[in-house]
Amino acid sequence: MTTPDAEAPEHDNPLTEGLERLPVHNTTLVIFGATGDLSKRKLLPALYNLAHEGALPERFHLIGVSRSDMPHGDFREMAQDAIREFSRREPDAKVLEELLNEARYIPGSFDDESIYGELTKTLEEFDQAAGGPLNRAFYLSTAPSFFPVIVGALGREGLHRHPDSEVRVIIEKPFGTTLAEAQELNAEVLGVFEERQVFRIDHYLGKETVQNMLAFRFANGLFEPVWNRNYIDNVQITAAEDIGIGSRAGYYDSAGALRDLVQNHMLQLLTLLCMEPPVDFSADEVRDEKVKVLHAIPAPTAEAVSQMAVRAQYAEGVSAGEDAPGYLQESDVPADSNTETYAALRLSVQNWRWAGVPFYLRTGKRLARKVTEIAVTLKPVPHLAFQSEGSVGVKPNQLILTMQPNEGVSISLGAKIPGTRMSIRPVNMEFLYGTAFMSQSPEAYERLIMDAMRGDATLFTRNDEVEAQWRICDPIVSTWAQQPGPLPQYEAGTQGPEEADQLLQDGHRWRAI
Amino acid sequence: MPGVSDSVWREQDTTPGAIEAALRQLLKERHAENASYVPARVLNLVCVVDREWSGEIANRLRGVGRFHASRTVVCAVDPKRTTIDATASIAADSEPSDDHLALTRETVIVDVGPQHLEHLDTIVDPLVVTDLATVVWSPHGHEQALEALLRLSQVVLLDSIDEPNPADAVRRARRLSDSVYVVDLAWLRSTPWRERIAATFDPAALRPDLRRISAITVRHHADSTVAAMLLIGWLASRLDWRCEPLIAEGNMRRGSAEARRHRVKICLEPEPDQQVRGLAGLTLETSSGRWLSLERGPGGLQARYRNKAKGAEREWTVLGASRGEPGILGEGIRQALLRDPTYAPALEACQTMLEHSGAPA
Chain A
1 MTTPDAEAPE
11 HDNPLTEGLE
21 RLPVHNTTLV
31 IFGATGDLSK
41 RKLLPALYNL
51 AHEGALPERF
61 HLIGVSRSDM
71 PHGDFREMAQ
81 DAIREFSRRE
91 PDAKVLEELL
101 NEARYIPGSF
111 DDESIYGELT
121 KTLEEFDQAA
131 GGPLNRAFYL
141 STAPSFFPVI
151 VGALGREGLH
161 RHPDSEVRVI
171 IEKPFGTTLA
181 EAQELNAEVL
191 GVFEERQVFR
201 IDHYLGKETV
211 QNMLAFRFAN
221 GLFEPVWNRN
231 YIDNVQITAA
241 EDIGIGSRAG
251 YYDSAGALRD
261 LVQNHMLQLL
271 TLLCMEPPVD
281 FSADEVRDEK
291 VKVLHAIPAP
301 TAEAVSQMAV
311 RAQYAEGVSA
321 GEDAPGYLQE
331 SDVPADSNTE
341 TYAALRLSVQ
351 NWRWAGVPFY
361 LRTGKRLARK
371 VTEIAVTLKP
381 VPHLAFQSEG
391 SVGVKPNQLI
401 LTMQPNEGVS
411 ISLGAKIPGT
421 RMSIRPVNME
431 FLYGTAFMSQ
441 SPEAYERLIM
451 DAMRGDATLF
461 TRNDEVEAQW
471 RICDPIVSTW
481 AQQPGPLPQY
491 EAGTQGPEEA
501 DQLLQDGHRW
511 RAI
Chain B
1001 MPGVSDSVWR
1011 EQDTTPGAIE
1021 AALRQLLKER
1031 HAENASYVPA
1041 RVLNLVCVVD
1051 REWSGEIANR
1061 LRGVGRFHAS
1071 RTVVCAVDPK
1081 RTTIDATASI
1091 AADSEPSDDH
1101 LALTRETVIV
1111 DVGPQHLEHL
1121 DTIVDPLVVT
1131 DLATVVWSPH
1141 GHEQALEALL
1151 RLSQVVLLDS
1161 IDEPNPADAV
1171 RRARRLSDSV
1181 YVVDLAWLRS
1191 TPWRERIAAT
1201 FDPAALRPDL
1211 RRISAITVRH
1221 HADSTVAAML
1231 LIGWLASRLD
1241 WRCEPLIAEG
1251 NMRRGSAEAR
1261 RHRVKICLEP
1271 EPDQQVRGLA
1281 GLTLETSSGR
1291 WLSLERGPGG
1301 LQARYRNKAK
1311 GAEREWTVLG
1321 ASRGEPGILG
1331 EGIRQALLRD
1341 PTYAPALEAC
1351 QTMLEHSGAP
1361 A
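First to last, the protein sequences are chains A and B.
According to the working numbering, the stretch in the first sequence is residues 1 to 513, in order.
According to the working numbering, the stretch in the second sequence is residues 1001 to 1361, in order.
Treat the hints with caution; some may be incorrect.
[What the hints assert, rightly or not] Stretch-level coverage of chain A by chain B, calculated; a stretch enters the list once three of its residues show a Cβ under 8 angstroms from a Cβ in chain B: (1) 16-24; (2) 51-61; (3) 166-174; (4) 356-367; (5) 479-492.
Don't read these hints as lab results, they were simulated from the structure.
Ideal placement from N, C-alpha and C gives every residue a C-beta, glycine not left out.
This is chain B alone, in the form it adopts within the complex (with noise of 0.2 angstroms):
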């Protein structure tokens, strides 16, 4: 007999659809109990995951703040499983009052063994809400288990500098791009320098130097050069800049890309003294003379401004939080509701910039 409490139920050597039922009896009990727990439907997160880390992977989701999903399936690959044990359980944020419904979520673990995963889709199909988005994230690889997921899921979630070799990560994301949308964690790691860069050339006044752009430097964190490489593929892709490979030399990887009527020398940097994943900086040049630089600091980004043919310097900061990396993924759900467009073409030109590199793998 399925162990039906409150809250949790349990069960070993199960089948999907004792899950499914376990749920919707558990959600019956929860309404019963008080009307005002009302489930959120938002969106499945399907989370495939090494059973030996899926407690880290649960720490980071717990840090996602109110950007949780509404159904998580976290299926735990165990490579000494030959059966299937699941764990269901329902939580609210709250307890509700006469003002406020208290909003439950489901999680659902799953542990499976290597034998499950070529057919996981038909152990989850069962587990995820119908006509909700469903999210597929599989952080330690499980590439047999995203394949078979593809089917039912609509966004597939990932972080680029999760992949040692760049090259590899952007092929990667390309190739699950053509048929899912793809939230890249690496692209979202570059959205506040983004939103600033824009920002910066909005001012009618500058925006003629955005063809003008004649440099750009982007300083990383050592794990992160697919970020620093979305960043240059999304100034490449919307101001039409042809790019060429990037050349290794040492860390660094140097290169250019052809403008309308100009080059673009581009350089990618590690920076040995970040400590967090993502970009630590960033440097643009104009033919016209601007020179503006962006740095991490506390409180927001440390700019910097320097007018060279009117001899003007200033510096500034523009304000804003970091995100921290719950925050990102956090970030990274509530991104599966959107749509960008242009990330793909951001990723096209990345991997322009690495084919043929030669850079360091």
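So that you can see chain A by itself, here it is in the shape it has in the complex (with noise of 0.2 angstroms):
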């Protein structure tokens, strides 16, 4: 029976009110491939950010495995060599210093069952020092083929489990090729985790401004009444880059740019731009509508491929001022490659709000500038009365969400050209998320970092999520491959390919990049 004296539960901390930083509870970061190009680019920065500001837990370690053969006090060189070199932020020493001096290093295949022996025997002397048991991550920052390599092997020491603390998986991209690479992924994964115990990384969905399409779409009025297929005309979404491939050839060519970008990062723009309102923003919330978004695009059949998919190659030609060699001239590039450097996409979403609105989505290397931005053009009013007044390039209104390089909000407008006549010309209302608030963003590595340890799933992938994005992608994916080359090819530093003109429907145009 309860006293009245009996002490009643605390359910919430009462401290954390007001708080910006809300406490993360004491973790152990173990990184596999911690010797890795994303993991000193990235991963170690973002650590180091985190730890600078006071965010990392209050006991926080941190062991990286990797192959390459070193003692613990050369990994923390190479931390330390990374940080210094890719932080957003010129690091404090003794930050620094402190963040990495138990760091441990454990050498290994990640094949090799022993390397999870001396991770549960560290994992411990960690518990041991912190007097009870720590939380622990395992970001997997590796080759995709040892993802199930080493959930398996984790499930198998029985590191996915921890008495009176959480256990958590990050995975990297990319979730597999192909649809059956995905399914068969979440089925190993799951076979040892839960999914509340996996996150699944687009590093898309920690950028402030892909964020910021949520709060742009439900915490304003202004838009929600045209947000449909009564006012909308059509949507592309682009993410064009200018460079080439650089040193990526061994991943590039064999994922592609459908694989690369569209499959994980453009969808998840497109789910962001169309999904319904959720009840709440808790992760399954969110999640539940970006995938009933995927759900309602139909994949194509065999035959539509050709129809709503176009693919192509960068030729050489002259980017930035500079002549610039074409996909197949660049280093470690097969010379019979088939790879996409360029794919453009036509999808439909049929659901209620969106039937019969076109979405164009294109990505591509070398082309004109880099840009990512999603443009959505409104149906034109149904009759223009100023036309014979000499109105130049009147348009219907466009909305762009721009993510990079310049992160902002515009609006094109018609309005009256100073005279006597009732000439009108679009104008633009622009918005710059950088001349609107001071607070240098973080990378979206530290966010996501830091959701991960507090166990907050809204910005990761979920698996039903991954495997309707691969639906939609699978077919297009093996229907290339069995085309044989050469394929279109475009000048480096262009629009793109002119065949991807063939996706666009009832006169429209695609954006210049």
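Need the complex rebuilt from these two chains, each delivered in its own frame; the hints are there to steer you.
Have a look at this one:
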């Protein structure tokens, strides 16, 4: 029986109200692939910046696992060098030292079961030093072929569970390269971990401007009334880069533009643009709505692929005033490669809100400039009374959400040209994020690592979501794989292949990159 | 004729209307020079300072890093002045490039005399950007000017440790809180410490110990009593402690608060070796035998923990870089755009602790 003196259970922590940084439970983070490029460029600098801001948990330990054979000290040095080179702020020597001075390194091949025994021992040492079980987060920053290997070994070693604490696994992209692979990988991961423990990274979702799409749509009454098929004529989503593949031939030639950007990042943008308002912003409510959008996009049949998808490769040209090689001349690219460096799709979202609105997606390397944006074109006014008055280029309103390089929102409007005649021309009303906020946006990985350690999966891809993405892209991938080359070419530094125009309906035109 | 140049304009014996027109002209010229110069539009910061110390304030503002106000209006008060002189300038952090816009910020320095202070709002009003939040900071007193500016401001920035008497500081902050949102740098100095206490008790297993806190000692820079009191006021208000006046014992202040079923011992202790303003350390004890201390140290806070019941003892570093004084001011400007609902209740608890405390003024 409860006595009047018994302590009432403290459900919420009353000390967290008003704090910008919520507590994160003490954690040991294990990075598989800790000496790799992603770890050096993104993960280690992100950890440093979190430490600098005092955002890491009170007790935080880092363990690196990788194939390179080196002692703990060399790993710490490598990590320090990487942080100094890639951190968004000048590291504070003391913070850097404190962050890494207990970092451990376990060398070995991921399929060598002995490293997991060593890992268990190290994790337990940290638990012991902390006086209790620490949460554990396993970050898989390795080649995708190792994902099932590592997950399976963690399961066999019993590292997928830890009494009185949380265990989470963070999996980098790509999550499979086909629908079948994604399903198989999901089955393997979920055979060991529960879905609530799995955090599939799509770093686009960690970007402030991508998250802001939710605020833009659901915190403003201005746009919702026109956010449907009755007012929107078409949508173009562009992710263009002006650079080539650089030194990534090994990865890129096996992936291509569709797998690299469309299947994950661009479909994420599309779902955020099209989703219904969630009941709340909890992880599953948001992801439920996103998955519904993906389910409303019909997967193309093999016959329909040529009608709704275009691929191409960049050829020699001039980029930023310099001669640029074609894709097939890039080092380490096979001379007969059929990998696309450009992909464009026309998709439809067949639901009550979006039926009949074409969604054009395009991405490519070595295009005219670097830009990631969503252009929402509204339907034209039913009657334009000004045409005989010398109006110039009157066009339907366009709403542009720019993710990079200058994050912001702009709306094109028709305005009267000063003078005695009622002539109209389009003008832009522009809002730039940089002008309105003082804070430097944290790197996407800082946000995502924190969210994973806190167990908030809102910005991570759920198992059904990743499979729904693949269900749309898989027929295109497999159809293209069966078609012989050579691929259509586009000159480096241009707008992309002419073939992409074939996707456009109803007099639509690609927006200039 | 006003002397408009690329980015600086100056005029003696001028008017607010002329200054405002000059600012518009400067912005227009900058935009015409290169459309990639874009004015930042975040908030207005109005500073009222002694003319004699305006250079020092300018230095402090230069050190706030990226947390610059988008328009800063400095009213420099010169006791001998009868007319208004002004300088307006526009500065960009960087040159624009194909990929990057160059954000510009405006600074207006208005030299005023004492007779201008009672109606300073009529001089400043045309100079602030409409629809942006306006923050007033008056580090050298000038209460009359501050009162006048409250009409057009939404936020007052202050540092309660600047007041020699903590009771006066708390009273002033409370009075201002009745009409505007107050950002108190003394409060922000305690943020990392509040975050750490919150984190310590966040695990579900430790949360019941929040109700068993039996003693807290806060060590602070000799001038930073208010920062220490705000930390205790925060705990008291969040945990429903009923505070009682503290008693001065030498340099220290001691007292207690009444929690639900027990008393909490409170001690504020100046730390003579602490060079920088703010907190030096704290010690928390619970009736369940836990003991936690946090001390300022290189690379973060040095934490020590004891569980007397289990005989366990541990030490570690809570990572985090010191923000330094410029960082605190920058954080104050940033906080002007946010709202912390826990400051006002903490302040109220502080006032109770200072009532008739007999503490040294």
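Quick rundown of the hints versus the structure:
{"no.": "1", "hint": "16-24", "in the structure": "holds (count 8)"}
{"no.": "2", "hint": "51-61", "in the structure": "holds (count 9)"}
{"no.": "3", "hint": "166-174", "in the structure": "violated (count 0)"}
{"no.": "4", "hint": "356-367", "in the structure": "violated (count 0)"}
{"no.": "5", "hint": "479-492", "in the structure": "violated (count 0)"}
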